[in-house]
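Student: Quick note on the numbering used here: the sequence shown kicks off at 1 and runs consecutively.
Derived from the structure by calculation, the hints contain no laboratory data.
For each residue, glycine too, the CB sits at the ideal point set by N, CA and C.
Among the hints, a few may not be true.
What the hints assert, rightly or not - Calculated pairs, EDC-like style, for lysine to aspartate or glutamate (alpha carbon to alpha carbon, straight line, at most 16 Å):
#  : residue 1 : residue 2
1  : K11       : D34
2  : K7        : E85
3  : K91       : D60
4  : K91       : D71
5  : K13       : E85
6  : K108      : E132
7  : K108      : D34
8  : K2        : D36
9  : K91       : E132
10 : K108      : D71
11 : K91       : D59
12 : K7        : D44
13 : K2        : D34
14 : K11       : D36
15 : K41       : D17
16 : K108      : E42
17 : K2        : E42
18 : K62       : D31
19 : K13       : D44
As the list claims (entries may be wrong) - Pair ranges (Cβ atoms, derived):
#  : residue 1 : residue 2 : range
20 : S144      : V9        : 44 to 52 Å
21 : E160      : V111      : 14 to 22 Å
22 : T55       : F3        : 19 to 27 Å
23 : L51       : G138      : 19 to 27 Å
24 : Q140      : Y56       : 24 to 32 Å
25 : S82       : V111      : 14 to 22 Å
26 : S86       : E160      : 24 to 32 Å
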Amino acid sequence: SKFSTSKLVLKGKLNSDDVALLRRMSGGFRDTTDVDFGILKELDMSQAQLLPGGTYYMDDGKNRYKIVSSDELGNCMFWGCSTLESVILPKDISIIGEAALSSCLNLKNVVIPESVIEVKIAAFSSCRSLTELQLPGGLQEIGSDAFHGCSNLQRIQIPEGVTSIAANTFGHCTNLKEVILPDGLLS
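Build out the structure end to end from the sequences listed, making use of the hints.
Tutor: Written as structure tokens, this is what we have:
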């Protein structure tokens, strides 16, 4: 059954309805009526392409979130997907949206493609199982609170293209031991 799958490799096109199913398979909800959740731990989307279409992948009572661009991992796309431990993001994205992977409490490993140039506000906030994260060399912008509450994050290297780090980016990262900053950092 789709809710007993623990490892999944995706190829091809994904719309908002597909992402809604992935959310439920990985412990997240589409809306407050969901009752069945899965145990998906490992998700490889490297060969998948995000496409606008379908209805929505999450409704939090205020907003209905859907894929709006094929180059962006959408806002709140995997927010609260509690069973995810490892995610390989689609190779063609350039933006990781607001709170896209926030509150994935068991997330230990994320592979971010080299094409990513922006990590938006709170993208990885409260991913308390992350210990290390490899940011792509072409990254230019990191939003505020991007890693806030990643309490087990120990090491991170900020790429050379990043010229400023927003307020509270690493707030409550209580085990952070090493931050390697770029030479061109201005603020």
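Student: Now, for every hint given, state plainly whether the structure supports it.
Tutor: Hint-by-hint comparison with the structure:
| no. | hint | verdict |
| --- | --- | --- |
| 1 | K11 - D34 | 26 Å, violated |
| 2 | K7 - E85 | 10 Å, holds |
| 3 | K91 - D60 | 28 Å, violated |
| 4 | K91 - D71 | 9 Å, holds |
| 5 | K13 - E85 | 23 Å, violated |
| 6 | K108 - E132 | 8 Å, holds |
| 7 | K108 - D34 | 26 Å, violated |
| 8 | K2 - D36 | 10 Å, holds |
| 9 | K91 - E132 | 20 Å, violated |
| 10 | K108 - D71 | 24 Å, violated |
| 11 | K91 - D59 | 26 Å, violated |
| 12 | K7 - D44 | 8 Å, holds |
| 13 | K2 - D34 | 15 Å, holds |
| 14 | K11 - D36 | 24 Å, violated |
| 15 | K41 - D17 | 20 Å, violated |
| 16 | K108 - E42 | 10 Å, holds |
| 17 | K2 - E42 | 14 Å, holds |
| 18 | K62 - D31 | 11 Å, holds |
| 19 | K13 - D44 | 13 Å, holds |
| 20 | S144 - V9: 44 to 52 Å | 33 Å, violated |
| 21 | E160 - V111: 14 to 22 Å | 20 Å, holds |
| 22 | T55 - F3: 19 to 27 Å | 20 Å, holds |
| 23 | L51 - G138: 19 to 27 Å | 23 Å, holds |
| 24 | Q140 - Y56: 24 to 32 Å | 29 Å, holds |
| 25 | S82 - V111: 14 to 22 Å | 20 Å, holds |
| 26 | S86 - E160: 24 to 32 Å | 27 Å, holds |
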